[in-house]
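Participant: What follows is each chain in one-letter form.
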Amino acid sequence: MLFNSFGFIFIFLPATFFVYFYLRSTQLVNAPKVWLISASLLFYGWSNFIYLPLILSSILFNFFISKAILKFDLVNKQFLSKKNLLKVGIISNIGLLIYFKYMNFFITNVNSVFSSNIDLLNIILPLAISFFTLQQIIFLVDSYEDLVKEKSFLNYLLFITFFPQLILGPIVHHHQMMPQFEDKKNYFINYKNISLGIFIFSIGLFKKVVIADSFEVFATQGFDVANTLNFFEAWVTSLSYTFQLYFDFSGYMDMAVGIALIFNIQIPQNFNSPFKASGIIDFWQRWHITLSNFITTYIYTPIVMSFKNLNIHKAMLATFLAFLIAGLWHGASWMFVIFGSLHGIGLVTNQYWNKYWKKKFKINLNFYLAWFITFNYVNIANVFFRARDWSDASKVINSMFSVDNIVIPSLFENKLIFLSNYGMVFGEFLNNIGGNNRTILWILITLIIVLFFKNSMELLKTFKPSIWSALLTLFFLIYSILNISKNSSFIYFNF
Amino acid sequence: MNSKIEYQTFVISILTFCISFFGIILFSMVIIDPLKIFHKPLKDSINFMKGEMRYQVAGIINNYEFDSIILGASMLQNTSAKDATDILQSSFVNLSVGGLSMGNRSLMIDYALKSKKLNHVITTLDGFADSENKSNFSFLYNGTFLDDIKVYKTRRFVIDAVCQLSTIYVEIAYCKKRNSYDTSLELITEWYSTYDHKERFGGIENWLKLENNSQIIDQLEEIAEQANCIKNNYCEAIKSSTYDNAIGIFDKTILKLALENSDTKFHLIFPPYSRLKYALLKQSNSNEFESYITTIKNIVMRSEAIENISIYGMDHLTFSDDISNYKDPSHYHPRVNQEMLKAIKNNHFLLTSQTLNSYIEEIESLAKNYDIFLITNQIESYLRGLEI
Chain A
184 MLFNSFGFIF
194 IFLPATFFVY
204 FYLRSTQLVN
214 APKVWLISAS
224 LLFYGWSNFI
234 YLPLILSSIL
244 FNFFISKAIL
254 KFDLVNKQFL
264 SKKNLLKVGI
274 ISNIGLLIYF
284 KYMNFFITNV
294 NSVFSSNIDL
304 LNIILPLAIS
314 FFTLQQIIFL
324 VDSYEDLVKE
334 KSFLNYLLFI
344 TFFPQLILGP
354 IVHHHQMMPQ
364 FEDKKNYFIN
374 YKNISLGIFI
384 FSIGLFKKVV
394 IADSFEVFAT
404 QGFDVANTLN
414 FFEAWVTSLS
424 YTFQLYFDFS
434 GYMDMAVGIA
444 LIFNIQIPQN
454 FNSPFKASGI
464 IDFWQRWHIT
474 LSNFITTYIY
484 TPIVMSFKNL
494 NIHKAMLATF
504 LAFLIAGLWH
514 GASWMFVIFG
524 SLHGIGLVTN
534 QYWNKYWKKK
544 FKINLNFYLA
554 WFITFNYVNI
564 ANVFFRARDW
574 SDASKVINSM
584 FSVDNIVIPS
594 LFENKLIFLS
604 NYGMVFGEFL
614 NNIGGNNRTI
624 LWILITLIIV
634 LFFKNSMELL
644 KTFKPSIWSA
654 LLTLFFLIYS
664 ILNISKNSSF
674 IYFNF
Chain B
69 MNSKIEYQTF
79 VISILTFCIS
89 FFGIILFSMV
99 IIDPLKIFHK
109 PLKDSINFMK
119 GEMRYQVAGI
129 INNYEFDSII
139 LGASMLQNTS
149 AKDATDILQS
159 SFVNLSVGGL
169 SMGNRSLMID
179 YALKSKKLNH
189 VITTLDGFAD
199 SENKSNFSFL
209 YNGTFLDDIK
219 VYKTRRFVID
229 AVCQLSTIYV
239 EIAYCKKRNS
249 YDTSLELITE
259 WYSTYDHKER
269 FGGIENWLKL
279 ENNSQIIDQL
289 EEIAEQANCI
299 KNNYCEAIKS
309 STYDNAIGIF
319 DKTILKLALE
329 NSDTKFHLIF
339 PPYSRLKYAL
349 LKQSNSNEFE
359 SYITTIKNIV
369 MRSEAIENIS
379 IYGMDHLTFS
389 DDISNYKDPS
399 HYHPRVNQEM
409 LKAIKNNHFL
419 LTSQTLNSYI
429 EEIESLAKNY
439 DIFLITNQIE
449 SYLRGLEI
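For the record, the sequence lines run as chains A and B.
Residues are numbered in the working numbering as their position in the first sequence, beginning at 1, plus a constant of 183.
Residues are numbered in the working numbering as their position in the second sequence, beginning at 1, plus a constant of 68.
Quick caveat, the hints were computed from the structure, so don't treat them as lab data.
Just so you know, these numbers come straight off a predicted model, no measurement behind them.
A hint or two may mislead.
Subject to a maximum C-alpha distance of 25 Å in a straight line, what follows is the list of computed BS3-like cross-link-like pairs (lysine-lysine) [what the hints assert, rightly or not]:
hint, chain 1, residue 1, chain 2, residue 2
1, B, Lys436, B, Lys333
2, B, Lys184, B, Lys324
3, B, Lys72, A, Lys375
4, B, Lys72, A, Lys647
5, B, Lys185, B, Lys333
6, B, Lys72, A, Lys644
7, A, Lys637, B, Lys72
8, B, Lys324, B, Lys299
9, B, Lys324, B, Lys150
10, A, Lys375, A, Lys216
Using the sequences provided together with the hints, build the complete structure.
Facilitator: This is how it looks when you write it as structure tokens:
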């Protein structure tokens with residue numbers, strides 16, 4: 184089920200809310216949790232119930248592994264030690280992910296390298312597998328490190344399936360979520376939380392339905408439909424996708440935060456104005472924050488720990504490898520490997536710059552130049568994130584850096600006619616992607632919004648109920664709902 | 069002015085406003101009901117939305133009286149329901165939709181059969197390339213009221229509703245332009261009277277003298293290319309055909325419906341495209357012509373034992389030779405539609421196991437011997453003119 188659907192907004196969410204708080208008021212301990220779990224499983228299985236057994240089996244398996252880890256707490260030297268159980272758990276989770284997400288990619292590459300003809304497996308990627316797998320790995324590690332001692336299967340089921348964060352995260356720790364469900368203050372309807380929730384939900388819905396879905400048109404035309412792109416079309420295509428990706432994902436996160444708040448649950452922030460970043464390190468501290476934390480704690484740190492005689496160069500190698508893996512986590516394609524590598528290289532360069540080159544060359548990079556480099560680097564890396572294959576990516580990248588195919592808006596023909604002597608053409612400059620002069624205006628406005636306005640989490644912190652905030656919320660809600668006219672899925676659903 | 073309010077007031081005002089706003093819209097949409105899905109119009113002069121036929125057909129089936137339907141694609145859009153009613157002595161309505169695939173046609177016919185007792189169903193045997201997306205409108209044909217309401221979440225219908233409501237008082241130019249209040253039930257499907265279509269009949273010169281869009285130019289280029297390959301005897305075999313899956317689709321759609329509704333007479337017509345079209349296919353050794361012949365044979369043989377199916381073939385008639393009866397290689401003049409009704413009335417041009425072989429021999433021979441170059445030379449010369 185999609186947050187941006189009529190069924191969710193008008194039926195699922197109100198019904199889940201009212202029944203949940205009714206059950207809370209009856210003093211029944213488990214009934215509200217059972218209700219929320221049932222609603223979450225319905226939410227997950229709405230479009231296809233076929234993967235419900237898979238997620239439930241995965242949850243059951245991880246719960247028993249965590250119970251076993253707690254039980255074998257003191258038996259360190261036997262075969263079934265805590266550490267071995269943790270290894271079994273982690274390997275099983277990664278194995279599940281590899282089977283469903285990477286087997287066909289692996290077979291395709293084997294066929295390509297060895298000219299073999301192994302049949303592809305008939306696998307459909309289960310929704311949210313990348314997220315619930317990571318969250319369960321974190322839970323096992325937390326159990327191993329005695330940070331969590333969850334004995335109730337019902338609680339664990341709720342922790343994994345709680346519908347606002349089940350599909351796309353944020354990736355949360357048990358201790359961030361479950362104490363809130365047990366806190367008696369949260370058993371009652373809280374108008375402050377509902378106000379904040381509705382406010383942030385309306386912003387998220389607007390981001391998704393109005394902004395992301397509008398940019399999606401140009402990105403799809405540029406990447407999937409147009410055979411050739413001119414210079415401006417290529418830049419508009421890549422920028423459209425960069426904005427689509429940000430507003431799509433951060434819109435989802437805003438809606439998730441808002442819905443969770445309505446149930447008196449606070450989930451962590453996942454975006455913090457990433458396009459204001461002035462370096463790649465800064466960018467990853469602002470973009471998909473819970474994934475960045477996971478990469479640092481559970482991929483980068485173990486790689487670093489495995490090195491003997493650690494030095495800065497080895498740490499940089501670990502950074503690069505961690506982001507290579509993170510790139511591949513997004514999807515089974517060489518394009519994601521390139522995306523991960525580019526960000527790995529960016530981070531390594533940024534680290535070396537901060538630690539050595541800045542001092543060595545005595546250059547203090549101007550903030551605006553640093554921002555410009557970062558933004559464009561991210562934008563270029565996103566071309567590989569979006570492209571289905573190398574030809575799609577090279578079509579866009581080549582045109583972004585080719586001055587042979589510049590078409591200038593006919594609006595400027597009178598003033599810039601001399602440019603025609605240099606092979607430049609005047610006319611419909613965004614024709615192949617269905618854009619026009621207004622497209623450029625939208626990109627500029629969007630850039631201004633992401634650079635100079637407070638982000639939704641900052642707005643949430645300063646929110647005060649007033650006539651103006653009510654009008655703004657109503658505008659976002661009504662305008663967005665009136666624009667819901669298709670089943671527009673979220674980009675990260677593919678991962 | 070102090071604009072601060074309590075959290076509770078904030079929540080209640082937002083929810084009250086949203087529920088009222090969307091409730092009123094939904095209620096108004098059901099009351100105005102521009103597609104007539106739930107009831108007949110509030111005012112008789114409010115007509116049907118020709119541009120939204122995939123949705124509009126559901127409304128007509130739900131709320132109008134008839135006992136026979138004509139439901140095909142563009143080949144049947146010019147068939148007059150009034151003529152059909154007079155000739156076949158049954159109360160007909162024409163619900164044909166341009167470009168409607170066989171799959172979607174059968175969805176609509178099935179819904180009509182479940183909603184009403186039908187005496188006759190007339191359709192053409194075309195639209196087998198079943199690639200048309202139906203997810204946008206199929207929910208209107210499942211008989212579920214709650215699903216029907218979903219049609220009015222589409223913003224353009226909200227605008228149409230406002231337009232239709234306004235016609236009670238005044239006709240707004242914008243609404244007229246967007247066809248919000250379009251046309252009567254008798255004329256809802258026909259396209260012949262449109263200037264751009266009507267003027268193309270009368271000969272190849274009329275195809276070429278009007279303004280041709282890129283789609284028509286592409287079609288003319290394809291004809292020229294086929295003619296050129298025939299002339300130079302180097303035609304490459306084309307493997308894909310619009311009839312590739314025709315038999316399977318026929319079995320799953322019309323044949324199934326006919327078997328389930330033995331009291332309804334199904335009149336199935338192979339639409340008589342121009343001789344030029346078939347001659348180009350035949351003479352260029354395209355497998356499409358062979359597939360067409362195979363399809364005719366299979367459909368006739370499959371339907372032979374089913375009493376409520378009649379199949380008609382008119383490709384052998386002389387009007388197909390005369391390109392002035394066509395506005396393009398496929399679409400014929402409305403008098404052909406009238407001939408179809410007469411054929412049904414008089415049991416003419418029926419394809420049965422007895423008539424099948426002679427019919428196929430005749431149309432193969434006509435296609436093989438037709439002089440395509442009288443027409444294609446003019447097209448080539450026109451295209452050369454465009455290049456200059």
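Participant: Against this structure, judge whether each hint is valid.
Facilitator: Here is how each hint holds up against the structure:
For the given pair, B:Lys436 sits about 35 Å from B:Lys333 by alpha-carbon distance, which is inconsistent with the 25 Å threshold. Restraint check for B:Lys184 and B:Lys324: satisfied, since their Cα atoms lie roughly 18 Å apart, inside the 25 Å limit. Distance restraint check for B:Lys72 and A:Lys375: the Cα-Cα separation of roughly 14 Å lies within the 25 Å cut-off, and the hinted pair is therefore satisfied. As the CA atoms of B:Lys72 and A:Lys647 are separated by approximately 8 Å, the hinted pair is consistent with the 25 Å bound.
Restraint check for B:Lys185 and B:Lys333: satisfied, since their Cα atoms lie roughly 11 Å apart, inside the 25 Å limit. Restraint check: the Cα-Cα separation between B:Lys72 and A:Lys644 comes to about 16 Å, which is no more than 25 Å; the hinted pair holds. With a C-alpha separation of about 21 Å, the suggested pair A:Lys637 and B:Lys72 falls inside the 25 Å cut-off, and the hint holds. Taking the CA atoms of B:Lys324 and B:Lys299, the gap is near 44 Å; set against the 25 Å cutoff, the hint is violated.
Distance hint between B:Lys324 and B:Lys150 is unfulfilled; the C-alpha atoms sit about 28 Å from each other, more than 25 Å. Using a Cα cut-off of 25 Å, the hinted pair A:Lys375 and A:Lys216 holds, with the two alpha carbons roughly 22 Å apart.
Checked against the numbered hints given earlier, the structure breaks hints 1, 8 and 9 and satisfies all the rest.
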